[in-house]
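S.K.: Sequence:
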Amino acid sequence: MEVYRITRLQVGYPGGPGGVLDRSYAWTGDMVDSIADNRFPGTTPPFTFAAQSQLFTYTPNNRLATAVGYYGSLGWTYDANGNRTSETANGVTSTYAYAPSSNRLLSITTGGAARAFTYDAAGDIVTDSRSGALGMTFQYDVEGRLSKAYKTNAPSDVSTYGYDAFDRLASRKTTSGGATTTTLYIHDIKNHIIAETDAAGTTLREYIWLDDLPVAVVDKVDTGNPILAYVHTDHLGRPALISSQNWDPLWYAIYSPFGATSYISNAAGFSGQDIRFPGQWFQLETGLAYNWRRHYDASIGRYLQPDPLGLQALIKDGANVYDYVRQDPNAKTDPEGLLSTSRPEAPASPIDTCARKKKSPNYWCQSVDCGAPHGGVFDPLCPDCQSKLLNGTPMLLENGQLLTPPASTNTEEE
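For the sequence shown, counting from 1, position 395 maps to 395 in full-length UniProt numbering; every step adds exactly one.
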């Protein structure tokens, strides 16, 4: 199978002042070694351009080990499960501590100050102390989806989230300083967000997609002066620059490797946009990114909830049910919050619809062919399935941890 990796990405227009976006990529196998940004816009108008570059190294397990770029110098170490054990940012080291026999992150300590996390019985983060008055408390619905978030020290600053039958974000209601804003989301048949409206039905923004690639944003739709803006993405499909019809920069972001924004520029009169890694939608009120089945925290490179796929994720992404794309964010993405994938995508094994529907942290299923009449989908009550999977030792995901089940199997009904 031929794999076509992007080595240069250029965006421009005939007769224009050179490329609006011009990046070169160097690869070793499936890993990005360097990204040269040949036309990096400055941080103040008139946005003069200069050359910038990023350099990367990796561990023997292909996890990102160091990164040097616009964000400075970063480095990470990991344990055997891929949990981040330390992060060094421009000479300052933070250490990560985990619960015994678990992948649950308990604390991050930087210079004597600790950021602490607590969990519910399902393995979802419920409190994040952060720093100062930035601590957050999270609540989840019966399906394990983030339903409510508020500042721990200011519960009146609260956000609530609603979802449709396909687990897609349908509504977002945020109250801050006594003012409440409601945003409703409309999706296309491929599950992309294509429009945002307010509670009265006024369209705020529309998004235009080419397959899974965002190509344009229409801002201030229901006004006399809508703004059509072009989205220019990086090699992952993440917006790097947004330009006007006259090719003037309206928005651009500087990302660190795990998706945190080191800098965002937003031109006056343009409302901005919240697309991040493929499948992710940034939510300013929490600092998290909605990632369809889960929420992602770029500041720690982890999800708040364990992977609902359970064993399917174990087979492809390893035993760590919280980490993002096996710590290789330069080459892999996770558009559904379920499984990592490479860009371009290599052929993947089918994912059973049963596992996508189940949200119980104690349930998993796996596509197998045991010959039984239940559609090739793993049935935890089927002895043939059990004997054909993992040499007869099936694994269950319980509260975000992996364990070998007793003789009795999961009896959750379909």
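Source of the hints: derived by calculation from the structure; they are not laboratory data. Check the hints yourself; a few may be wrong.
[Stated by the list, open to error] Derived pair list, reagent style DSS-like, types lysine-lysine, alpha-carbon separation capped at 27 Å: (1) Lys220 to Lys190; (2) Lys151 to Lys190; (3) Lys316 to Lys151; (4) Lys173 to Lys220; (5) Lys151 to Lys173; (6) Lys332 to Lys316; (7) Lys173 to Lys190; (8) Lys316 to Lys190.
[Stated by the list, open to error] Have a look at the derived ranges for each label pair, beta carbon to beta carbon: (9) Trp209 to Ala116: 38 to 48 Å; (10) Leu55 to Ala80: 42 to 52 Å; (11) Gly177 to Val126: 20 to 30 Å; (12) Gln10 to Asn62: 47 to 57 Å; (13) Asp164 to Val68: 40 to 50 Å; (14) Gln10 to Tyr70: 18 to 28 Å.
For each residue, glycine too, the CB sits at the ideal point set by N, CA and C.
S.K.: None of the hints should be skipped; say for each whether it holds.
M.R.: Evaluated hints:
{"no.": "1", "hint": "Lys220 to Lys190", "result": "holds, 24 Å"}
{"no.": "2", "hint": "Lys151 to Lys190", "result": "violated, 34 Å"}
{"no.": "3", "hint": "Lys316 to Lys151", "result": "violated, 36 Å"}
{"no.": "4", "hint": "Lys173 to Lys220", "result": "holds, 19 Å"}
{"no.": "5", "hint": "Lys151 to Lys173", "result": "holds, 15 Å"}
{"no.": "6", "hint": "Lys332 to Lys316", "result": "holds, 12 Å"}
{"no.": "7", "hint": "Lys173 to Lys190", "result": "holds, 24 Å"}
{"no.": "8", "hint": "Lys316 to Lys190", "result": "holds, 23 Å"}
{"no.": "9", "hint": "Trp209 to Ala116: 38 to 48 Å", "result": "holds, 39 Å"}
{"no.": "10", "hint": "Leu55 to Ala80: 42 to 52 Å", "result": "violated, 26 Å"}
{"no.": "11", "hint": "Gly177 to Val126: 20 to 30 Å", "result": "holds, 24 Å"}
{"no.": "12", "hint": "Gln10 to Asn62: 47 to 57 Å", "result": "violated, 28 Å"}
{"no.": "13", "hint": "Asp164 to Val68: 40 to 50 Å", "result": "holds, 42 Å"}
{"no.": "14", "hint": "Gln10 to Tyr70: 18 to 28 Å", "result": "holds, 20 Å"}
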